[in-house]
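Given chain L, put chain R in place with the hints provided.
There are 2 protein chains.
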Amino acid sequence: MRLDQIGELALLDWIRKKAGDGGSGNKRPLLGIGDDAAAFKLAAGKTALASSDMMVEGVHFDLAYFTPYQLGFKIVSVNASDIYAMGGVPLMAFFSLAAPPDTKAVFIKKMFEGVFDALALYGARLSGGDLTASPPGVKKGLVLDMCVIGEAGRIVKRRGAKAGDGVYVTGPLGDSACGLALLREIARPVALESGGLRPGGVVRLRRGTLRWDVIRPLVARHLMPVAKRPPGLAVPTAMLDISDGLLLDVSRLCKESGVGVKIYEDRIPVSAQMRQAAPALGLDPLELAKSGGEDYELLYTARRKDGGEKGGILIGEVIPSGRYMVDALGKMKRFKAEGYKHF
Amino acid sequence: MRLDQIGELALLDWIRKKAGDGGSGNKRPLLGIGDDAAAFKLAAGKTALASSDMMVEGVHFDLAYFTPYQLGFKIVSVNASDIYAMGGVPLMAFFSLAAPPDTKAVFIKKMFEGVFDALALYGARLSGGDLTASPPGVKKGLVLDMCVIGEAGRIVKRRGAKAGDGVYVTGPLGDSACGLALLREIARPVALESGGLRPGGVVRLRRGTLRWDVIRPLVARHLMPVAKRPPGLAVPTAMLDISDGLLLDVSRLCKESGVGVKIYEDRIPVSAQMRQAAPALGLDPLELAKSGGEDYELLYTARRKDGGEKGGILIGEVIPSGRYMVDALGKMKRFKAEGYKHF
Numbered sequence: 001m002r003l004d005q006i007g008e009l010a011l012l013d014w015i016r017k018k019a020g021d022g023g024s025g026n027k028r029p030l031l032g033i034g035d036d037a038a039a040f041k042l043a044a045g046k047t048a049l050a051s052s053d054m055m056v057e058g059v060h061f062d063l064a065y066f067t068p069y070q071l072g073f074k075i076v077s078v079n080a081s082d083i084y085a086m087g088g089v090p091l092m093a094f095f096s097l098a099a100p101p102d103t104k105a106v107f108i109k110k111m112f113e114g115v116f117d118a119l120a121l122y123g124a125r126l127s128g129g130d131l132t133a134s135p136p137g138v139k140k141g142l143v144l145d146m147c148v149i150g151e152a153g154r155i156v157k158r159r160g161a162k163a164g165d166g167v168y169v170t171g172p173l174g175d176s177a178c179g180l181a182l183l184r185e186i187a188r189p190v191a192l193e194s195g196g197l198r199p200g201g202v203v204r205l206r207r208g209t210l211r212w213d214v215i216r217p218l219v220a221r222h223l224m225p226v227a228k229r230p231p232g233l234a235v236p237t238a239m240l241d242i243s244d245g246l247l248l249d250v251s252r253l254c255k256e257s258g259v260g261v262k263i264y265e266d267r268i269p270v271s272a273q274m275r276q277a278a279p280a281l282g283l284d285p286l287e288l289a290k291s292g293g294e295d296y297e298l299l300y301t302a303r304r305k306d307g308g309e310k311g312g313i314l315i316g317e318v319i320p321s322g323r324y325m326v327d328a329l330g331k332m333k334r335f336k337a338e339g340y341k342h343f
Numbered sequence: 001m002r003l004d005q006i007g008e009l010a011l012l013d014w015i016r017k018k019a020g021d022g023g024s025g026n027k028r029p030l031l032g033i034g035d036d037a038a039a040f041k042l043a044a045g046k047t048a049l050a051s052s053d054m055m056v057e058g059v060h061f062d063l064a065y066f067t068p069y070q071l072g073f074k075i076v077s078v079n080a081s082d083i084y085a086m087g088g089v090p091l092m093a094f095f096s097l098a099a100p101p102d103t104k105a106v107f108i109k110k111m112f113e114g115v116f117d118a119l120a121l122y123g124a125r126l127s128g129g130d131l132t133a134s135p136p137g138v139k140k141g142l143v144l145d146m147c148v149i150g151e152a153g154r155i156v157k158r159r160g161a162k163a164g165d166g167v168y169v170t171g172p173l174g175d176s177a178c179g180l181a182l183l184r185e186i187a188r189p190v191a192l193e194s195g196g197l198r199p200g201g202v203v204r205l206r207r208g209t210l211r212w213d214v215i216r217p218l219v220a221r222h223l224m225p226v227a228k229r230p231p232g233l234a235v236p237t238a239m240l241d242i243s244d245g246l247l248l249d250v251s252r253l254c255k256e257s258g259v260g261v262k263i264y265e266d267r268i269p270v271s272a273q274m275r276q277a278a279p280a281l282g283l284d285p286l287e288l289a290k291s292g293g294e295d296y297e298l299l300y301t302a303r304r305k306d307g308g309e310k311g312g313i314l315i316g317e318v319i320p321s322g323r324y325m326v327d328a329l330g331k332m333k334r335f336k337a338e339g340y341k342h343f
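Protein sequences, first through last, are from chains L and R. Per the working numbering, residue 1 is the first one in the first sequence, and the count goes up by one each step. Per the working numbering, residue 1 is the first one in the second sequence, and the count goes up by one each step.
It should be emphasised that the hints constitute simulated quantities derived from the structure, not laboratory data. Every clue listed holds true.
Because identical chains cannot be distinguished in the list, a pair is counted as satisfied if it fits within a single copy or across any two copies.
Here are the simulated lysine to any residue pairs, SDA-like style, with alpha carbons at most 25 Å apart:
1. Lys140 / Gly58
2. Lys109 / Arg2
3. Lys110 / Pro217
4. Lys336 / Asp130
5. Lys336 / Asp13
6. Lys46 / Leu31
7. Lys333 / Gly171
8. Lys140 / Glu113
9. Lys262 / Met325
10. Lys17 / Ala337
11. Lys305 / Arg229
12. Lys140 / Val59
13. Lys104 / Gly137
Next comes chain L alone, as it looks inside the complex (with noise of 0.2 Å):
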């Protein structure tokens, strides 16, 4: 059945119903899909955070190697990162969707089935939203976009970062721009969420195989990233995720806060996959660490003493101003902010 036979209202019924239990355990509405607005209620003295992401097919995502399921999950999870990126928790999720009229209602139901299982593991409920026809005339028409409410008790901005604390992140770096190289070589969708690949078995690109364990949690980086959240025992003096990049976003931090940076390159995260997976591509895992993107590893600053190091992996340090690598014979060396651009 296409969404032009099966009906917007037959689809929405079925939305309704799923995002009634959702399966989060999170009983905050007031009032869910079906009325005008959804209602909710804070938890007394915390604060409403809220923030929306757009997901284009064509620019941000191919169905070459995206299943519906992966898209919907990755959608909550970017949205999830920015407020985790705040110290905060999502609660509610509002998903709009244009879709090409002769979609398949299947694909539909895959794509919110990954929206609502990205959102039980977050605690987050869908609440409302939109459901409608595409532009017409074009063949790669998805548009999703999402807007998440969450809540915090202390906000944690971009600003606040101070000369002398440590420069940490919550996890290895570059594993997504590495899934993205490798499934633009796969070229299909890897079915993550129902088996995918076999676990011994190998891939072949074109300079040489590379074992599915090795590619298995870089494409799943991509495809399904797991939104971090902040290490407990720190108390981060700033913070945001790490979505255009690690140079982009540690500047966008220091730009915020009004500081500079030294990163030491060696202590950059990187996985042993992403190590191993890279060259195979002919890239360099280091500048995949510093500039690929879509990481959603959290990216803060706390002085030193508050442990940050017990919830992250520190890689610097906040310095008056000035944005420098370090290499690893010491040497300084100016960078600059370099990122992904839509336009």
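Chain R in isolation, oriented as in the chain L frame:
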């Protein structure tokens, strides 16, 4: 300058600056655009409300007769209307836009000016969003999505109407659908925001001419609808906004409330302008008033003694079950929900 020439960052800086003051006088955001998420507090004891709506080129609008300013204005009104329809007030808006890379920067700026002016009208503030390229290979590729967050003391749901309640609307119906039909004949933008057609002029249509002062409020209702605030004196038992036409929306209210309705055909308010313009288009004013969408008037039920009349126009009454239209001769006829389908 085109978007791909001016660059995303320059445009985002302009938007961020404009959003900073916004002119709405709304000081609620603790943190606006520029961090991972916006942050804000709710007033003590209030319930949060949120809703989102998407507008797609070639599906919801045509640039043959919409200016970018009007699109920006309209998407705010459409969303603000959902918040008012719950008895709340809008506070913050998150606006995501996909546009073809060759879109002129001045076009995007005009659109945001429409957004800012409408937000100022409703006392709300732009607090976030996303800006990206449209799906490639499409000429008419604008996709606008907005999520508006508001707050309310007592929320008014679609559920709550009781047999015996009066059924009220806040203003004339069908103007927007009639305005759309006019715009399809006129087939060019009517720049209401900068004067538009001359006050004394006439417009030639296939079936005759109409004076500009007749046409103006009708096309304005379609291009730049203004969301209605709930009537101050009435205490609605149930409420929604009329976005998909009276018959469909009153049916939704009935379904959620588990009641029926009698609508008195000759009480449905029709503007003098619409009564004059519809025949010139070969259309029946009453049909437009019953099934035309996008008026963004409020439809509510209230106990007769609670003075619903003071803020709205009585058009019928709630009955235990069944949906009936009563004509001028008192003859009752069942009606079905009829409205717009996107697929």
